[in-house]
Amino acid sequence: MKPTIAIDNAYIESWKQKGGKVVGTVCCHIPEEIIHAAGMLPVRIRGTECTDDRDGELWMTDYACGFCRACLQNLISGKYHFLDGIVVSDGCMFVQRLYDNWKVIGNTKCKVNLNVPRNHDHLAVRYFVDELKILKEEMEKLSGREITDEALNASIDLYNETRALIRELFSLTKGEHPLVSGTETLQWTIKAMSMPKEIYNQELKAFIEEAKGREPITGYGARLMMIGSAVDDPDYVHIFEEHGGLIVTDYNCYGTRYLWQDVTRKEGETPLESIARSYLEKLTCPRMTDLHDEMYEDMLRLAKEFDVDGIVYVRLKNCCLWGGESVFFYDRFKEDGYPVLTLEKEEITTNAGQVGVRAEAFVEMLEGGTD
Amino acid sequence: MNDTKTNEIHEVDLLPDVHKEVVNMYNHMKAKHPDRLWMAQLQMDHWNDICTAHERGKKLILTSTNTPAELIYAFDAVPFVPETLIMRYANSDKTFKYLDLADQYVSHQLCSINRGQIGYYLSGDLKMKPDAVLSTVTPCDSSRVAYTAASKILGVPSFCLDTPYRQDERGYRYIGEQIKEACKFLEEVTGNKLDWDRFREILERGNEAARLLTACSKLRQITPCPLPGSLLVLNEMVGGMMGSQGAVDFLQAEYDYGVRNVKAGRGVTPGKEQFRVIWLQNMLWNNAGIVGWMEKAFNAVLVMDGFGYEGYQVIDTSSEDSIFLGLGQRTLNSPMVHGASGPAEPWIKMVDRMIGEYKVNVAMFAGHVGCKHTWAASKLVKDYIYEKYGLPTLTFDEDGIDIRYQTADQIKATITEYMETLIANQKKQG
Chain A
1 MKPTIAIDNA
11 YIESWKQKGG
21 KVVGTVCCHI
31 PEEIIHAAGM
41 LPVRIRGTEC
51 TDDRDGELWM
61 TDYACGFCRA
71 CLQNLISGKY
81 HFLDGIVVSD
91 GCMFVQRLYD
101 NWKVIGNTKC
111 KVNLNVPRNH
121 DHLAVRYFVD
131 ELKILKEEME
141 KLSGREITDE
151 ALNASIDLYN
161 ETRALIRELF
171 SLTKGEHPLV
181 SGTETLQWTI
191 KAMSMPKEIY
201 NQELKAFIEE
211 AKGREPITGY
221 GARLMMIGSA
231 VDDPDYVHIF
241 EEHGGLIVTD
251 YNCYGTRYLW
261 QDVTRKEGET
271 PLESIARSYL
281 EKLTCPRMTD
291 LHDEMYEDML
301 RLAKEFDVDG
311 IVYVRLKNCC
321 LWGGESVFFY
331 DRFKEDGYPV
341 LTLEKEEITT
351 NAGQVGVRAE
361 AFVEMLEGGT
371 D
Chain B
1001 MNDTKTNEIH
1011 EVDLLPDVHK
1021 EVVNMYNHMK
1031 AKHPDRLWMA
1041 QLQMDHWNDI
1051 CTAHERGKKL
1061 ILTSTNTPAE
1071 LIYAFDAVPF
1081 VPETLIMRYA
1091 NSDKTFKYLD
1101 LADQYVSHQL
1111 CSINRGQIGY
1121 YLSGDLKMKP
1131 DAVLSTVTPC
1141 DSSRVAYTAA
1151 SKILGVPSFC
1161 LDTPYRQDER
1171 GYRYIGEQIK
1181 EACKFLEEVT
1191 GNKLDWDRFR
1201 EILERGNEAA
1211 RLLTACSKLR
1221 QITPCPLPGS
1231 LLVLNEMVGG
1241 MMGSQGAVDF
1251 LQAEYDYGVR
1261 NVKAGRGVTP
1271 GKEQFRVIWL
1281 QNMLWNNAGI
1291 VGWMEKAFNA
1301 VLVMDGFGYE
1311 GYQVIDTSSE
1321 DSIFLGLGQR
1331 TLNSPMVHGA
1341 SGPAEPWIKM
1351 VDRMIGEYKV
1361 NVAMFAGHVG
1371 CKHTWAASKL
1381 VKDYIYEKYG
1391 LPTLTFDEDG
1401 IDIRYQTADQ
1411 IKATITEYME
1421 TLIANQKKQG
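Going down the list, the protein sequences come from chains A and B.
Those letters in the first sequence? Residues 1 to 371, per my numbering, in order.
Those letters in the second sequence? Residues 1001 to 1430, per my numbering, in order.
It is worth saying that the hints were derived from the structure and are not from the lab.
Predicted model only: the values in this text are computed from it and were never measured.
Virtual Cβ for every residue (Gly too), placed ideally from N, Cα, C.
Hints should not be assumed to be uniformly reliable.
What the hints assert, rightly or not - Cut-off 30 Å, straight-line C-alpha distance, at most; resulting in silico cross-link-like pairs (DSS-like, lysine-lysine):
no., chain 1, residue 1, chain 2, residue 2
1, A, LYS109, B, LYS1382
2, A, LYS79, B, LYS1379
3, B, LYS1180, A, LYS133
4, B, LYS1094, A, LYS111
5, A, LYS103, B, LYS1382
6, A, LYS191, A, LYS109
7, B, LYS1382, A, LYS317
8, A, LYS79, A, LYS103
9, A, LYS317, B, LYS1379
10, B, LYS1129, A, LYS334
11, A, LYS282, B, LYS1127
12, B, LYS1152, A, LYS282
13, B, LYS1382, A, LYS79
14, A, LYS141, B, LYS1349
15, B, LYS1152, A, LYS133
16, A, LYS317, B, LYS1428
17, B, LYS1180, A, LYS266
18, A, LYS317, B, LYS1094
19, B, LYS1180, A, LYS109
20, B, LYS1097, A, LYS317
21, B, LYS1184, A, LYS266
22, B, LYS1428, B, LYS1382
23, A, LYS334, B, LYS1127
24, A, LYS304, B, LYS1152
25, A, LYS282, B, LYS1180
26, B, LYS1152, A, LYS103
27, B, LYS1349, A, LYS136
28, B, LYS1349, A, LYS111
29, A, LYS334, B, LYS1152
30, A, LYS109, B, LYS1379
31, A, LYS109, B, LYS1349
32, A, LYS111, B, LYS1388
33, A, LYS174, A, LYS79
34, B, LYS1379, A, LYS103
35, B, LYS1097, A, LYS334
36, B, LYS1379, A, LYS111
37, A, LYS103, B, LYS1180
Claimed, not checked - Computed beta-carbon distance windows for the label pairs:
no., chain 1, residue 1, chain 2, residue 2, range
38, B, ASP1103, A, GLU364, 21 to 31 Å
39, B, GLN1167, A, ASP8, 35 to 45 Å
40, B, ASP1103, A, GLU335, 40 to 50 Å
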């Protein structure tokens, strides 16, 4: 497999050399469009490349999820030395604590804690608009540039183009003879969060064209959908694909859930209102208290659309949101005819062999089931 | 839920079961310790109200401790905080089957308070089914799962107040607006209209309880502390009863008891009070006796904890606007939410105030393993305490519900080791 884009990569280096500012984001409920409209480069913080999270563990303890510990470790160890600012939501308890700890120990100049509602009704949208106004002001201060409605609209258009391209990328996994693997799709969505979208869109377009001329992938035993907590490590997905599975779609905030549903515009809305409403409506994470049924229906729709044989449900240890979501879907997936494999994961994978054994057994079971 | 998961357990009817236990406890207290009957009375009032709600033609509303109970009373309905049920059973093996059942559906790392609740709903043992769920999104990710699960599994309507962690007027108003919407929800569920005169009357009773809680807290600042640490555990029940006469009567009795002790110069330790302890966050619900043991073994009294500190503000009932604003504020400043469940900074400030006001010389972090967000900020808090006050915080893990995690004796051994070191150091320093 090709290597995944590095955290500190040539695109960022080039951006910084030109005097550009970079803002790290934690949680995909942070509208990157606002950062982009200020002329800055948003990059999503990830835990990949972390092989020892002892400082993250020191501050957050091992009762925190390993993903957030690794993200904090990467911040502490200087992997994100290029950041001019960081925006962290209260997406879940540990993302909030990542912010709290980094606020005290971190050297990033601009630190913003965005309060994202957990409902998506009209009151929540109104509240979120006010939060986004605060974020906008902070980004204007950091960039020294006013964020106009025109700039926001242009950013929304650019990001919607990325979303359309990502949807097209995933469409290449459909059908009897898929052209791309789940490892590759995750590498591409991670790339989207690690470089300027203007360049990314061009590169992804070129890749999609190239992939259309590829020989289809054959020889896999089962088409799988990976759902659950943040999986930002393509190597983890690769374990399943080495053992007879093919991850054809996912419900992962580093995969399809990063940029999938468009920011839509309704008549009379300002760009910030469109962003606020669209981000609260988007189906991403069980943090939203009033979207559990919609999320299930959406996962089911994807499972059907991508002709999935089984569901791989990955929950990070200590992730209570995805760790609890199963109470809403276990029985429903069964009733709808989709077997589920539940795996508990740490961010730093030290049990690839055992995960492989579980993956292989699941694929064999699914193959037996279809015979 | 279907029954494909293994569930080889005999059926019980939870609410009548707990009611019977409370009646027995009450009768025992009446016979043996009539002077302390007011403590049992609170629990009698609480469970009587819940267990007879349907008989009395009232709707039973499953709710969280930080949802304004006054609102539910105002619609002539009865609030039922399921945490009180699991806490009631916390020191018994009755809890295990519900925790184990929930583990078949959700991650074991969810807080056991919430896993226990989910187990209740899945088991079908909650035969007296609540009529609706009115909750908030606080305090944690586990609770967000549990309250939604209640509605889905029990098949009852729900309303969830989104409580942001922004403790400012914008945050309070946002909640206040949602509480107005919740009124419409309660109207539909109960079939009753909001009677503003009755609502004000209930709110004033809630205010009386809030004033008494503050007064009791002030008494705890006196040396020797006139109130035992165990009452802090009981005070936690008051949140789900704000606006009831039972809560006022209990707190008045607690206050009177404290005043009598102050007048007599009486503390709660057998010898001279040596140590004034705070717990940074939760209580040991299944091992509350440890608080009394610390008093006897080390003359160490738990003077305050981060759970109940400054729990409730008085609500200005002069206008509809001030009421909704006040309810919004109270929701965000209720126990557990005001401290450790949001950003760490308010928690640190709160602990700082507690240490100063209560003349604390021992800090303990009895870290409930399910309360993972408190663990993830605990170093910030403990570092602050050490740097400002020179107090090293005793840290230990426990599960406040599941006694299989750590026994009382194990916890006592940990505390003993720490206290003996403190005492030895005191002796060295003369």
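Do the hints match the structure? See the list:
For the hint pairing LYS109 of chain A with LYS1382 of chain B, the CA-to-CA distance comes to about 25 Å; that is within 30 Å, so the pair holds. Between LYS79 of chain A and LYS1379 of chain B the alpha-carbon distance is near 23 Å, which keeps this suggested pair within the 30 Å criterion. Note on LYS1180 of chain B and LYS133 of chain A: the hinted pairing holds, with a Cα-Cα distance of about 25 Å set against a maximum of 30 Å. Only pairs whose Cα atoms come within 30 Å are accepted, and LYS1094 of chain B paired with LYS111 of chain A is rejected, the gap being roughly 47 Å.
At most 30 Å may separate the alpha-carbon atoms for a hinted pair to count; LYS103 of chain A and LYS1382 of chain B meet this at roughly 16 Å. For the proposed pair LYS191 of chain A and LYS109 of chain A, the alpha carbon gap of about 25 Å is at most 30 Å, so the pair holds. With a C-alpha separation of about 25 Å, the suggested pair LYS1382 of chain B and LYS317 of chain A falls inside the 30 Å cut-off, and the hint holds. Restraint check for LYS79 of chain A and LYS103 of chain A: the C-alpha separation of about 17 Å stays at or below 30 Å, so the hint holds.
Of the pairs offered as hints, the one joining LYS317 of chain A and LYS1379 of chain B holds, with about 21 Å between alpha carbons and a cut-off of 30 Å not exceeded. A C-alpha spacing of about 27 Å is found between LYS1129 of chain B and LYS334 of chain A, which places the hinted pair at or below 30 Å, so the restraint holds. As the CA atoms of LYS282 of chain A and LYS1127 of chain B are separated by approximately 37 Å, the hinted pair breaks the 30 Å bound. With a C-alpha separation of about 21 Å, the suggested pair LYS1152 of chain B and LYS282 of chain A falls inside the 30 Å cut-off, and the hint holds.
The straight-line distance between the Cα atoms of LYS1382 of chain B and LYS79 of chain A is roughly 28 Å, inside the 30 Å bound, and the hint therefore holds. Only pairs whose Cα atoms come within 30 Å are accepted, and LYS141 of chain A paired with LYS1349 of chain B is accepted, the gap being roughly 28 Å. This hinted pair does not check out: LYS1152 of chain B and LYS133 of chain A have alpha carbons roughly 35 Å apart, beyond 30 Å. Distance check on the hinted pair: LYS317 of chain A and LYS1428 of chain B sit about 45 Å apart at the alpha-carbon level, beyond 30 Å; violated.
Distance restraint check for LYS1180 of chain B and LYS266 of chain A: the Cα-Cα separation of roughly 27 Å lies within the 30 Å cut-off, and the hinted pair is therefore satisfied. Restraint check for LYS317 of chain A and LYS1094 of chain B: the C-alpha separation of about 27 Å stays at or below 30 Å, so the hint holds. Using a Cα cut-off of 30 Å, the hinted pair LYS1180 of chain B and LYS109 of chain A is violated, with the two alpha carbons roughly 40 Å apart. For the given pair, LYS1097 of chain B sits about 23 Å from LYS317 of chain A by alpha-carbon distance, which is consistent with the 30 Å threshold.
In summary, the hint linking LYS1184 of chain B to LYS266 of chain A is supported, as the alpha carbons are separated by about 28 Å, within the 30 Å threshold. A hinted pair counts as satisfied when its Cα atoms are at most 30 Å apart, and LYS1428 of chain B with LYS1382 of chain B qualifies at roughly 25 Å. Proximity of LYS334 of chain A to LYS1127 of chain B is assessed by CA-CA distance (about 26 Å); at most 30 Å being required, the pair is judged to hold. This hinted pair checks out: LYS304 of chain A and LYS1152 of chain B have alpha carbons roughly 24 Å apart, not beyond 30 Å.
Taken as a hint, the LYS282 of chain A and LYS1180 of chain B pair is honoured in the structure, with Cα atoms around 26 Å apart against an allowance of 30 Å. Under the criterion of a C-alpha separation no larger than 30 Å, the hint pairing LYS1152 of chain B with LYS103 of chain A is inconsistent with the structure, at around 38 Å. With a C-alpha separation of about 29 Å, the suggested pair LYS1349 of chain B and LYS136 of chain A falls inside the 30 Å cut-off, and the hint holds. Between LYS1349 of chain B and LYS111 of chain A, the direct Cα distance comes to roughly 20 Å. Compliance with the 30 Å bound is thereby established for this hinted pair.
Restraint check for LYS334 of chain A and LYS1152 of chain B: satisfied, since their Cα atoms lie roughly 17 Å apart, inside the 30 Å limit. With a C-alpha separation of about 22 Å, the suggested pair LYS109 of chain A and LYS1379 of chain B falls inside the 30 Å cut-off, and the hint holds. Distance restraint check for LYS109 of chain A and LYS1349 of chain B: the Cα-Cα separation of roughly 23 Å lies within the 30 Å cut-off, and the hinted pair is therefore satisfied. Between LYS111 of chain A and LYS1388 of chain B the alpha-carbon distance is near 25 Å, which keeps this suggested pair within the 30 Å criterion.
Among the hinted pairs, LYS174 of chain A with LYS79 of chain A is inconsistent with the structure: their alpha-carbon atoms are about 36 Å apart, more than 30 Å. Straight-line distance between C-alpha atoms of LYS1379 of chain B and LYS103 of chain A comes to about 13 Å, which keeps the hinted pair within the 30 Å bound. For a cut-off of 30 Å, the pair hint linking LYS1097 of chain B to LYS334 of chain A stands: about 24 Å separates their Cα positions. Note on LYS1379 of chain B and LYS111 of chain A: the hinted pairing holds, with a Cα-Cα distance of about 20 Å set against a maximum of 30 Å.
Note on LYS103 of chain A and LYS1180 of chain B: the hinted pairing is violated, with a Cα-Cα distance of about 35 Å set against a maximum of 30 Å. Restraint check, ASP1103 of chain B to GLU364 of chain A: a C-beta distance of roughly 27 Å satisfies the suggested window 21 to 31 Å. Range check, GLN1167 of chain B to ASP8 of chain A: Cβ separation about 37 Å, and the 35 to 45 Å hint holds. Range check, ASP1103 of chain B to GLU335 of chain A: Cβ separation about 21 Å, and the 40 to 50 Å hint is violated.
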